[in-house]
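There are 2 protein chains.
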Amino acid sequence: MDVLVDPDEVQAKTFHWKREGVRIGLVPTMGFLHEGHLSLIRIAREKADKVVLSLFVNPTQFGPDEDLDRYPTSVERDLECCRKEGVDMVFMPKPHAMYAEDSSVSIVEKSLSRGLCGLSRPVHFGGVLTVVAKLFNICLPDIAVFGEKDAQQIRLIRRMVRDLNFPVEILSGPIVREEDGVAMSSRNANLSPEARAQAPWIRKSLLAVEEGVLAGERDVEKLKTQAKQVLSKATLGELDYLEFVDDETLVPVDKVAESRILVAIAVQFPGARLIDNIVITNASN
Amino acid sequence: MDVLVDPDEVQAKTFHWKREGVRIGLVPTMGFLHEGHLSLIRIAREKADKVVLSLFVNPTQFGPDEDLDRYPTSVERDLECCRKEGVDMVFMPKPHAMYAEDSSVSIVEKSLSRGLCGLSRPVHFGGVLTVVAKLFNICLPDIAVFGEKDAQQIRLIRRMVRDLNFPVEILSGPIVREEDGVAMSSRNANLSPEARAQAPWIRKSLLAVEEGVLAGERDVEKLKTQAKQVLSKATLGELDYLEFVDDETLVPVDKVAESRILVAIAVQFPGARLIDNIVITNASN
Numbered sequence: 001m002d003v004l005v006d007p008d009e010v011q012a013k014t015f016h017w018k019r020e021g022v023r024i025g026l027v028p029t030m031g032f033l034h035e036g037h038l039s040l041i042r043i044a045r046e047k048a049d050k051v052v053l054s055l056f057v058n059p060t061q062f063g064p065d066e067d068l069d070r071y072p073t074s075v076e077r078d079l080e081c082c083r084k085e086g087v088d089m090v091f092m093p094k095p096h097a098m099y100a101e102d103s104s105v106s107i108v109e110k111s112l113s114r115g116l117c118g119l120s121r122p123v124h125f126g127g128v129l130t131v132v133a134k135l136f137n138i139c140l141p142d143i144a145v146f147g148e149k150d151a152q153q154i155r156l157i158r159r160m161v162r163d164l165n166f167p168v169e170i171l172s173g174p175i176v177r178e179e180d181g182v183a184m185s186s187r188n189a190n191l192s193p194e195a196r197a198q199a200p201w202i203r204k205s206l207l208a209v210e211e212g213v214l215a216g217e218r219d220v221e222k223l224k225t226q227a228k229q230v231l232s233k234a235t236l237g238e239l240d241y242l243e244f245v246d247d248e249t250l251v252p253v254d255k256v257a258e259s260r261i262l263v264a265i266a267v268q269f270p271g272a273r274l275i276d277n278i279v280i281t282n283a284s285n
Numbered sequence: 001m002d003v004l005v006d007p008d009e010v011q012a013k014t015f016h017w018k019r020e021g022v023r024i025g026l027v028p029t030m031g032f033l034h035e036g037h038l039s040l041i042r043i044a045r046e047k048a049d050k051v052v053l054s055l056f057v058n059p060t061q062f063g064p065d066e067d068l069d070r071y072p073t074s075v076e077r078d079l080e081c082c083r084k085e086g087v088d089m090v091f092m093p094k095p096h097a098m099y100a101e102d103s104s105v106s107i108v109e110k111s112l113s114r115g116l117c118g119l120s121r122p123v124h125f126g127g128v129l130t131v132v133a134k135l136f137n138i139c140l141p142d143i144a145v146f147g148e149k150d151a152q153q154i155r156l157i158r159r160m161v162r163d164l165n166f167p168v169e170i171l172s173g174p175i176v177r178e179e180d181g182v183a184m185s186s187r188n189a190n191l192s193p194e195a196r197a198q199a200p201w202i203r204k205s206l207l208a209v210e211e212g213v214l215a216g217e218r219d220v221e222k223l224k225t226q227a228k229q230v231l232s233k234a235t236l237g238e239l240d241y242l243e244f245v246d247d248e249t250l251v252p253v254d255k256v257a258e259s260r261i262l263v264a265i266a267v268q269f270p271g272a273r274l275i276d277n278i279v280i281t282n283a284s285n
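Protein chains in written order, with this note's numbering: chain A, 1 to 285; chain B, 1 to 285.
Don't take each hint at face value.
The calculated label-pair distances, taken between Cβ atoms and stated as ranges, are [said to hold, decoys possible]: (1) H16(B) - D69(A): 14 to 24 Å; (2) D246(A) - D67(B): 33 to 43 Å; (3) G115(B) - L68(A): 26 to 36 Å; (4) E9(B) - D246(A): 27 to 37 Å; (5) E169(B) - Q226(A): 35 to 45 Å; (6) R19(B) - V279(A): 44 to 54 Å; (7) D69(A) - L68(B): 40 to 50 Å; (8) S232(A) - K110(B): 55 to 65 Å; (9) K228(B) - V3(A): 40 to 50 Å; (10) D2(B) - D69(A): 30 to 40 Å; (11) D246(A) - E178(B): 48 to 58 Å; (12) E248(A) - V279(B): 47 to 57 Å.
The set of hints was computed from the structure by calculation and includes no laboratory data. Think of the CB as a built atom: it goes at the ideal place given N, C-alpha and C, for glycine as much as any other residue.
The shape of chain A in the complex, shown without the other chains (with noise of 0.2 Å):
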């Protein structure tokens, strides 16, 4: 397994390796590997001949009030489990080699990233589009995958591969979940004990939903209610958002009807900030 972090020396082998035939799967992460990631690795693994795990905590993704310094980090495990899931490359540049001094090109996105996490994190998904796009181009994967567990992100990604041609197939892995049906999250790690023992509510309340719809709610409001009240029990939490959106433009919605709809949270706890989401139907299973 090759450790890279120079973003020159990475191109010229992946670019190497694409005029060679070789199908590159790409998984960004931002480190602190847990299963969630591992099941990405699977599926790029599965999907391309060689896979190129990325590693970088991008500061730019970081408002200047978030958890960038307290972003948790383990290099050496990260590495142990990269090597024992057959990744090929791992590449994890230090920012300077990101972003020069003088850097002044981003990517921007005007519409879906403005609801949701955009509304509390207003530099965030410029930041991971930007960061994206420089990985596509030094990592020229042929497949990139993402976790479903960040639903606005990897919608955003599909529109940025849409609207600027990148050749590049973007994949999605399930939301990976602990026994207690917590979304697994590098940032669980922060999370005090008593913390963690409330986050399980968050699921809950997304299950709420989807039962709501089963027994024939159809009105958002009354859904979100219901919700609500189970969260309630997090006492420790504090509601960031619970949305209903239509699952492509992410327009909020007031009735579950035809088209598919998301359900995204977020909940502030001290420590970390957490979401999670299902996707429903009208006719939700």
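Dock chain B against chain A, hints included.
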């Protein structure tokens, strides 16, 4: 010579070329080809195995009051030129194939794009960078060739390539001029005969700067005064800007010193806004 309109079809073809180890040269144009464009094709021809010329009057780089509707076209003549010059593929998409109705992702630059043409054309360079990024992703060039007449544009494109890590080498071709010194531009066709007759004063004003420097003048204000005096003969033209800026940062300078200085000018004539430039140094030649 292939003439293709579908971005996906072009991408499939260029992707296949890359796999075969073919070096691709791209010459992005808005059509109405002149000798300036042909010189760029020849550079691409020399440096690459296959030459792709894009022919697309990109609507997003024109402001609402600009000359999109009046931009000259001559597709049949352009294709004939391309055939003669040995172009391998012409890519001439329709606007709706390049921009989805709900297109929402674009590229922004916040430093080099602020002055010079960016001042009077605030949406221009975002549009240019976005379409060039798309063309890079569709045509997958190893090299791309741009004309030095568009001095700010080529510096912005190099900056984008650096900041977003595009695996593309940017080459430039020197300004090609008419016999009377006017920089070739498709827009020259939109000048009235009277305005066309006055257009050489733009170039002459730049030559006055060069002469001034050779004569020992180092003060930018004085050099500007000399140039404007020459330009005053172009009674139909209105000076948009005449700027002396650092060739790399595009920050205005007030002395001709060690570093390379870009002297850039834009003049609005009835029918067309013309630009031109020279690069000078302390020991200007």
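Hints, verified against the model:
{"no.": "1", "hint": "H16(B) - D69(A): 14 to 24 Å", "verdict": "violated (46 Å)"}
{"no.": "2", "hint": "D246(A) - D67(B): 33 to 43 Å", "verdict": "holds (39 Å)"}
{"no.": "3", "hint": "G115(B) - L68(A): 26 to 36 Å", "verdict": "holds (32 Å)"}
{"no.": "4", "hint": "E9(B) - D246(A): 27 to 37 Å", "verdict": "holds (31 Å)"}
{"no.": "5", "hint": "E169(B) - Q226(A): 35 to 45 Å", "verdict": "violated (58 Å)"}
{"no.": "6", "hint": "R19(B) - V279(A): 44 to 54 Å", "verdict": "violated (36 Å)"}
{"no.": "7", "hint": "D69(A) - L68(B): 40 to 50 Å", "verdict": "holds (48 Å)"}
{"no.": "8", "hint": "S232(A) - K110(B): 55 to 65 Å", "verdict": "violated (44 Å)"}
{"no.": "9", "hint": "K228(B) - V3(A): 40 to 50 Å", "verdict": "violated (59 Å)"}
{"no.": "10", "hint": "D2(B) - D69(A): 30 to 40 Å", "verdict": "violated (53 Å)"}
{"no.": "11", "hint": "D246(A) - E178(B): 48 to 58 Å", "verdict": "holds (55 Å)"}
{"no.": "12", "hint": "E248(A) - V279(B): 47 to 57 Å", "verdict": "holds (49 Å)"}
Violated hints for the displayed structure, listed by number in ascending order: 1, 5, 6, 8, 9 and 10.
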